[in-house]
Structure formats: C-alpha cells, structure tokens
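Peer 1: Sequence:
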Amino acid sequence: MSSILSIENLSKNYGKVLAVDNISLKIEEGICFGLLGPNGAGKTTTIEMMEGILKPTTGRALFRGKPIGPHFHQRVGIQFQSTALQDFIT
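Numbering-wise (my numbering), the sequence shown opens with residue 1 and increments by one.
Source of the hints: derived by calculation from the structure; they are not laboratory data. Note that the Cβ used here is the ideal one computed from N, Cα and C, for glycine as well. Hints may be right or wrong, so weigh each one.
Claimed, not checked - Derived pair list, reagent style BS3-like, types lysine-lysine, alpha-carbon separation capped at 30 angstroms: (1) K16 / K43; (2) K43 / K66; (3) K43 / K55; (4) K66 / K55; (5) K55 / K16; (6) K26 / K66; (7) K26 / K55; (8) K16 / K26; (9) K26 / K43.
Claimed, not checked - Label pairs and their computed distance ranges (CB to CB): (10) T44 / K16: 18 to 24 angstroms; (11) H71 / V17: 31 to 37 angstroms; (12) R64 / G34: 27 to 33 angstroms; (13) K66 / D21: 33 to 39 angstroms; (14) L18 / H71: 29 to 35 angstroms; (15) K16 / P70: 32 to 38 angstroms; (16) E28 / E51: 17 to 23 angstroms; (17) G15 / V76: 28 to 34 angstroms; (18) L18 / Q74: 29 to 35 angstroms; (19) N9 / R64: 27 to 33 angstroms; (20) S2 / P38: 30 to 36 angstroms; (21) G30 / T58: 27 to 33 angstroms; (22) R64 / V17: 28 to 34 angstroms; (23) L54 / C32: 20 to 26 angstroms.
Kindly generate the complete structure, drawing on both the sequences and the hints.
Peer 2: In structure tokens, the structure reads:
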C-alpha cells in the first residue's frame, strides 16, 4: 500500500512556545487514523497543519504526494471530539 497522507518534519512555534516539535508520519490508504494525547500535546495544531488551516513553522504535509489543497478537502473528512453544531439547528 502507498502512503495517502504524510507529514514530514512538521513543527509549529507560537513565539517562543514550541507547540509541535518535528513530527513525521505516514498514513496508508484505507486506514482509519486517530491522533491521541493529553491536553496541550499539540493534537489540534498538528491536525490543523495537516488540513492546511495553519501554516507550519517548518515541514510540510502531503496528500498523495502533493501539497495539501482542494484535492485533499474533497476526499478527507475530519471528526473532532465535540462538534460545533447546535441542537436547535437541523
């Protein structure tokens, strides 16, 4: 199987605060992936960099070998622990 999503040497700094420190991983096609860790570990920051919402300080995220772009958002869904949907809106 080939890697569908990869992140290479991803880091994110907020001033002097290091939120994500040089993480690399490859996710194979057909795999359901979860990112687990304690509060403040950088999970949301990592996912937001993988999605292209946040620009990493260093490193890059690739989908099918290409930088994250519209082709990624058309094919990948992300589910956070709690949703932003309101119960009264249907």
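Peer 1: Of the hints stated earlier, which fail here?
Peer 2: 12, 13, 19
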